[in-house]
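Could you build the full structure based on these sequences and the hints that come with them?
Here the working numbering = 1-based position in the sequence shown + 122.
If you're looking for bench data, these hints aren't it; they were derived computationally from the structure. Note that the Cβ used here is the ideal one computed from N, Cα and C, for glycine as well. Nothing false has been slipped in among the hints.
Pair ranges (Cβ atoms, derived):
hint	residue 1	residue 2	range
1	L162	G138	11 to 21 Å
2	V180	G203	15 to 25 Å
3	P139	P189	27 to 37 Å
4	N190	P139	30 to 40 Å
5	D145	C187	26 to 36 Å
6	P139	A165	32 to 42 Å
7	N129	T192	27 to 37 Å
8	D181	D145	14 to 24 Å
9	G203	K151	16 to 26 Å
10	A166	P139	35 to 45 Å
11	Y177	N150	13 to 23 Å
12	T191	Q154	12 to 22 Å
13	S147	T192	27 to 37 Å
14	T192	G148	32 to 42 Å
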Amino acid sequence: MLYLAANPGMVVIGEGPAEDLDDYSGYNKLRQSSAGDIVLECAAGVAHVYIANQYYSVDFLQQECMPNTTYGKYIGTLPCGED
123 MLYLAANPGM VVIGEGPAED LDDYSGYNKL RQSSAGDIVL ECAAGVAHVY
173 IANQYYSVDF LQQECMPNTT YGKYIGTLPC GED
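Written as structure tokens, this is what we have:
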């Protein structure tokens with residue numbers, strides 16, 4: 123089992139068996155196996171999230187109406203500054 127020392131806003135999960143995903147219950151997850159390539163574009167206090175799969179989505183990211191780019195489809199923004 124994985125123990126996370128901090129309280130991350132998002133956990134990116136790579137390829138792996140579905141039964142291993144239970145270790146991440148209670149966390150906001152972005153699954154690379156479903157999302158495809160993932161790009162985090164860092165800006166002041168946030169990370170804009172872009173993915174390759176046009177049909178994948180999550181409901182925990184903030185929406186800032188960013189356009190899709192060569193990085194991929196914009197699916198949301200993760201605040202990552204100090205609380």
